[in-house]
Amino acid sequence: MNAIPPLPTTQSEIPVYIILLLDSDAHGAKLISPAALFASLPGGTSAFQRTLAWARELDGELRYVADDRASRKHAEQAGLKRIEQSEIGDSPALLVSPAWPLIQASDAQALIEHATRTSAKRIACVVEQRHHPISSFVASKGTMDFSATLNSAGWRELDERSFFQLVPGMAVLPASAFAKGDCLSDPFDAVAELDEASALHIGHVEPRQVIQSLIEREHSERALKRKRLTWQTP
Amino acid sequence: MADPMTLIGVEVPRAPVQHFAGEATAAGDLAVGDVRLLEHAVRAALECAPPEQIRMIVGEPDQGVFDMVREYGVPEVDLGNWLSALADAAKRAGPRDCAVFLRASVPMKSYASLHRAIDTIQQWPELRRIEPAFRPTRQALSTCFSLDRAEQGAGIALTPWALPTGECGVPCPSFEVFTLRSFSPAHFSSTAVDGSAFVWIDEKDFSLTETPLDLLRAELMLKEEETSR
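As you go down the protein sequences, you meet chains V and C in turn.
Using our numbering, the first residue of the first sequence is number 1, and each one after it goes up by one.
Using our numbering, the first residue of the second sequence is number 235, and each one after it goes up by one.
With the rest of the complex left out, here is chain C (with noise of 0.2 angstroms):
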C-alpha cells in the first residue's frame, strides 16, 4: 500500500499583524526575536511532507515570499487555487491522505502536536477533523464574568460565567487536519464544529501575535526553542 498523501497549506501572515506590529515589514518577512514567522512554518511543513505537496498561501506575494521559494522550494498560491486543488486531489484521495492547513502567524513551540494529529487522522480514517486544543490558564473561563459595556451607574455584579460540566478547552487556531477524501471548501471555512477530534497542547506551546504582548511571548518560547536544540 503506498505512504498516505500529505499536503499542506502555510497560510502566509497577514497585514492586521504587521499593522499591529508596528513596522513596514512584508507579510513573508514578518520576524519575531530573529524568527521568521513563515520559515518556522515552512519548516515545520517540511518536517511533515515534500516541498511538492506544500503551498504557501498568500494574498499578495512580496519578496519574502520568494525568498521562501528559493531557498524551500515551496510554491505560493492564493487561497482559492488551493482549496481547488484540494477539491480535485480529494476525488482521487486515499482513505489515509490528509490535508493540513498551517497558520504562521499563529507559531508553536514545537510541531509534535501536529506530527500526532497526522498520525491520528491517518489511522482513524473516519475522522474527518483533527485540531490542537488548550485548557486556559492564563486567564481561567471559571473566573470570566461578562459586562454589559452599555450598563450604568451602581451595582456592576461580577457574576461569573456558569460553565458547562466536563473539561473544558479552546481550540488552538495553530493548525487543523482534514482526512483529503471528506475535504470540501465547506469543512475548510467552518470554525471548529461539534464532534472535531482534538490534540490536547500545552497554553505555553503556541502564542497568538496580535498584541504587543503576545509577540513578545512569541519571541520568547521560539527563542527557547532554538536553545533548547
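Isolated chain V (complex conformation) (with noise of 0.2 angstroms):
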C-alpha cells in the first residue's frame, strides 16, 4: 500500500469548498431518503449535525445542495449557505454526504490538502472489496459453477487484481465537473482508499444496529481500530 506522498511546502493559495450533499440522488451518492439525514442517531445528534460539526472544522469553504425544502430548512437553520456554479469556478470541491456518517475528519482533510497541493483534480474514496471476485460462483442447478473465472484464459491476472468499491460519500472534484448529473463516472486522477466503517451508509442493508454501536464505542479503542487513509496513486 503506498503512503502519502511528501507534500510541497508551499501552501496554495487556491479556496477549496466543501459541499455537503443534502439531495436524495446527488452526483451519483445516493441515499434512501434526505429526512434520513436528519433523524436523530444514537447520541441525539443526526448523520447531518456529526458530518457539519467536523466539516466546520475543514480549511474550506463550507456550501451545501438540496433538492427538498426540508432539506433546504434544515441546512439554512444550521447557518448553511447554499452552492452557487457561479461562485466557486473551477475551484476543487469536497463533496460529502452525511448518508455516510462514520467517514472521518481526517481522511477529509487529507483529500483537501491533496488537491491543493497535488495536481490532482478528481479524487475518488473507495474501500477493499472483502469478497474476490474469483471466489464467485454462478448458481447452477444447485450446484457451485466457477468455470466462468477458473477456465477463463485471465483468471490468474483477476486473481492476483486487487477489488474496490467506490464511495460516493466523500470525492474531489473540480466545480465545473460538479454541476454535472454523474460526476462520479468518469475517470479519477487519484483514489484515495477508506477503511470498511467509513464505507457504512445508513440505508445500506447493514443493520442499523452495527452503526449504532460504531457510534457509541467511537471513543473506545477497539472500535477506533482503524485504517488510515493511504493512496492507490502518487
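Some hints here could point you the wrong way.
Unchecked claim - As a list, the in silico EDC-like pairs of lysine to aspartate or glutamate whose alpha-carbon atoms are at most 20 angstroms apart: (1) C/K343 with V/E206; (2) C/K325 with C/E305; (3) C/K343 with C/D436; (4) C/K325 with C/D237; (5) V/K141 with C/E460; (6) C/K343 with C/E360; (7) C/K457 with C/D436; (8) V/K141 with C/E401; (9) C/K438 with V/D23; (10) C/K438 with V/E206; (11) C/K457 with V/E206; (12) V/K73 with V/D23; (13) C/K343 with C/E460; (14) C/K438 with C/E459; (15) V/K121 with V/D186; (16) V/K141 with C/E459; (17) V/K81 with V/D23; (18) C/K438 with C/D448; (19) C/K343 with C/E459; (20) C/K438 with C/E458; (21) V/K121 with V/E61; (22) C/K438 with C/E401; (23) C/K457 with V/E61; (24) V/K81 with V/E57; (25) C/K457 with C/D263; (26) C/K325 with C/E286; (27) V/K141 with C/E360.
Said to hold, decoys possible - What follows is a list of derived Cβ distance ranges for each label pair: (28) V/I32 with C/K325: 53 to 59 angstroms; (29) C/H349 with V/D59: 56 to 62 angstroms; (30) V/S162 with C/D322: 41 to 47 angstroms; (31) V/K81 with C/H349: 57 to 63 angstroms; (32) C/D436 with V/S86: 24 to 30 angstroms; (33) V/S86 with C/L397: 41 to 47 angstroms; (34) C/S376 with V/E84: 32 to 38 angstroms; (35) V/S147 with C/T371: 20 to 26 angstroms; (36) V/A39 with C/P359: 51 to 57 angstroms.
Calculated directly from the structure, the hints in this document are not laboratory data.
These numbers come from a predicted model, not from an experiment.
We put the CB at the ideal spot given by N, CA and C, even for glycine.
Take each chain as given, in its own frame, and dock them per the hints.
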C-alpha cells in the first residue's frame, strides 16, 4: 500500500469548497431519503449534525446542495449557504454526504490538502471489496459453477488484482464536473482508500445496529482501530 | 438400517484472530461479547452428533480447550490425526455417513443451514460436498471494480467487473459437509470446487472475525440470537 506522498511546502491559495450533499440522488451519491439524514442517531445527533460538526473544522468554504424544501430548511437553520455554481468556478470541491456518518474528518482534511497541493483534480474514495470475484460462483442447478472465472484465460491476472467499491460519500472534483448530473463515472486522477467503517451507509442493508454501536463506541480503543486513509496513486 | 453417522471436526480459532483483536486471549477463550466462539461452535456440533463423534481441531491446546473437553466431553485432536481418523472411517462408512468441518472462527447466528446440509447429503448420497453460500449485498459483486495499485497518474477508470451470466454467490467458510465414504484429504483441502452443492444463507446469518468491524458484527449477531431464544 502506498504511503501518502510528501507534500510541497508552499501552501496553495486555491480556495476549496466543502459541499454537503443533501440531495436524494446527489451526483451519484445515492440516498434512501434525505429525511434520514436529519433523523436522530444514537447520542441524539443526526448524520447531518455529525458531518456538519467536523466539516466546519476543515480548511475550506462550507456550502450545501439540496433539492427538497425540508433539507434546505435544515441547512439554513444550521447557517449554511447554498452553493452557487458561478461563485465557485473551477475551484476544487470536496463533496461529502452525511449519509456516510462514519467518514472521518481526518480523511476529509487529507483529501483537501492533497487536492490543493498536487495536480490531482479528481479524487475518488474507495473501500476494498471483501469478496474477491475469483471466489464467486454461478448457481447452476443447486451446484457451484466456478468455470466463468477459473476456466477463463485471464483467471490468474484476475486473481492477482485488487478489487474495490466506490464510496460515493466523499470525493474531490472540480466545480465544472460537479455541475454534471453524474460526476462520479468519469476517470479519476487519484484514488484514496477508506476503511470499511467509513463506507457504512445509513440506508444500506447493514443493520442500523452496527452503525449505532460504532457511534456509541467511537471513543473506545477497539472500535477505533481503523485504517488511516491511504493513497492508491501518487 | 442403522442411523447415519456424522463425524464433526470443530476448528478452534487460530492465532491471527487473537492478534487482530489485540488481546492476549488463548484461542479456546476467544469471545465476541459474552459468547466464546469455540463454545458456540461446539454447542452447534452437539445438536448434530454425540460428543464421541466430535473433535476440536487444535493447533496448540490451551486452557479454554481443556475447559471445553471437561464441560462438553468433546476431545481435542490435531488436524493430521483428525484427517487420518476420517480416512480410516471412510473405508467402512455407509452411504449416508458424513463428515463436517466446522470453523469456530466464522460463527453463524443459527446453524439451521448446517442441519439442512447434513439432511441433504444424507438423502442424496451422490452429492459429495455441500457448503453454505450467500449473495453479497453489503458489497455487491456487480459494483466492484479492479484497480492496479501501481497505476499512475490521470485517467483511472472505475470499470465494473463483468459478472458472469446467472445468479452469482460467494461460499461462506462457516462449514463444509462431505460424504464420509468419498472422503479423502484431497477433497478436504481443496477450496470450493466445481459441482459442489450449496445451501443459500443470508449474509447477516454469519460473520467473519477478521477486522474490528467483523468482531462487532459477530457480537451483535450472537447477542440477537441469544435474545431471540
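So, going through the hints one by one against the coordinates:
1. Note on C/K343 and V/E206: the hinted pairing holds, with a Cα-Cα distance of about 15 angstroms set against a maximum of 20 angstroms.
2. A hinted pair counts as satisfied when its Cα atoms are at most 20 angstroms apart, and C/K325 with C/E305 does not qualify at roughly 32 angstroms.
3. Among the hinted pairs, C/K343 with C/D436 is consistent with the structure: their alpha-carbon atoms are about 10 angstroms apart, no more than 20 angstroms.
4. Restraint check: the Cα-Cα separation between C/K325 and C/D237 comes to about 17 angstroms, which is no more than 20 angstroms; the hinted pair holds.
5. Taking the CA atoms of V/K141 and C/E460, the gap is near 35 angstroms; set against the 20 angstroms cutoff, the hint is violated.
6. A distance of roughly 29 angstroms separates the Cα atoms of C/K343 and C/E360; the hinted pair therefore is violated under the 20 angstroms criterion.
7. Of the pairs offered as hints, the one joining C/K457 and C/D436 holds, with about 17 angstroms between alpha carbons and a cut-off of 20 angstroms not exceeded.
8. For the given pair, V/K141 sits about 11 angstroms from C/E401 by alpha-carbon distance, which is consistent with the 20 angstroms threshold.
9. Straight-line distance between C-alpha atoms of C/K438 and V/D23 comes to about 29 angstroms, which puts the hinted pair past the 20 angstroms bound.
10. The straight-line distance between the Cα atoms of C/K438 and V/E206 is roughly 8 angstroms, inside the 20 angstroms bound, and the hint therefore holds.
11. Taking the CA atoms of C/K457 and V/E206, the gap is about 16 angstroms. The hint holds against a cut of 20 angstroms.
12. Taking the CA atoms of V/K73 and V/D23, the gap is near 13 angstroms; set against the 20 angstroms cutoff, the hint holds.
13. As the CA atoms of C/K343 and C/E460 are separated by approximately 9 angstroms, the hinted pair is consistent with the 20 angstroms bound.
14. Note on C/K438 and C/E459: the hinted pairing holds, with a Cα-Cα distance of about 12 angstroms set against a maximum of 20 angstroms.
15. Under the criterion of a C-alpha separation no larger than 20 angstroms, the hint pairing V/K121 with V/D186 is consistent with the structure, at around 12 angstroms.
16. This hinted pair does not check out: V/K141 and C/E459 have alpha carbons roughly 32 angstroms apart, beyond 20 angstroms.
17. Under the criterion of a C-alpha separation no larger than 20 angstroms, the hint pairing V/K81 with V/D23 is consistent with the structure, at around 15 angstroms.
18. About 11 angstroms separates the Cα atoms of C/K438 and C/D448, which keeps this hinted pair within 20 angstroms; it holds.
19. Between C/K343 and C/E459 the CA atoms are separated by roughly 6 angstroms; this keeps the pair inside 20 angstroms, and the hint holds.
20. Taking the CA atoms of C/K438 and C/E458, the gap is about 11 angstroms. The hint holds against a cut of 20 angstroms.
21. Of the pairs offered as hints, the one joining V/K121 and V/E61 holds, with about 17 angstroms between alpha carbons and a cut-off of 20 angstroms not exceeded.
22. At roughly 19 angstroms between alpha-carbon atoms, C/K438 and C/E401 fall within 20 angstroms of each other, so this suggested pair holds.
23. Restraint check: the Cα-Cα separation between C/K457 and V/E61 comes to about 44 angstroms, which exceeds 20 angstroms; the hinted pair is violated.
24. Note on V/K81 and V/E57: the hinted pairing holds, with a Cα-Cα distance of about 16 angstroms set against a maximum of 20 angstroms.
25. For the proposed pair C/K457 and C/D263, the alpha carbon gap of about 17 angstroms is at most 20 angstroms, so the pair holds.
26. Between the alpha carbons of C/K325 and C/E286 the distance comes to roughly 19 angstroms, so the proposed pair stays at or under 20 angstroms and holds.
27. At roughly 15 angstroms between alpha-carbon atoms, V/K141 and C/E360 fall within 20 angstroms of each other, so this suggested pair holds.
28. Between V/I32 and C/K325 the C-beta distance comes to about 57 angstroms, which sits within the given range of 53 to 59 angstroms.
29. The hint said 56 to 62 angstroms for the Cβ distance between C/H349 and V/D59, and at roughly 58 angstroms that hint holds.
30. A hinted range of 41 to 47 angstroms holds for the C-beta pair V/S162 and C/D322, which are about 43 angstroms apart.
31. Taking 57 to 63 angstroms as the suggested C-beta distance range, the pair V/K81 and C/H349 conforms, at roughly 60 angstroms.
32. Checked against the hint of 24 to 30 angstroms, the C-beta distance between C/D436 and V/S86 comes to roughly 50 angstroms, which is inconsistent with it.
33. Here the CB-CB span from V/S86 to C/L397 is close to 42 angstroms, well matched to the stated 41 to 47 angstroms.
34. Distance hint check for C/S376 and V/E84: the Cβ-Cβ separation is about 37 angstroms, which falls inside the suggested range of 32 to 38 angstroms.
35. At roughly 24 angstroms, the beta carbons of V/S147 and C/T371 sit within the given window of 20 to 26 angstroms.
36. Range check, V/A39 to C/P359: about 54 angstroms between beta-carbon atoms, so the 51 to 57 angstroms window is met.
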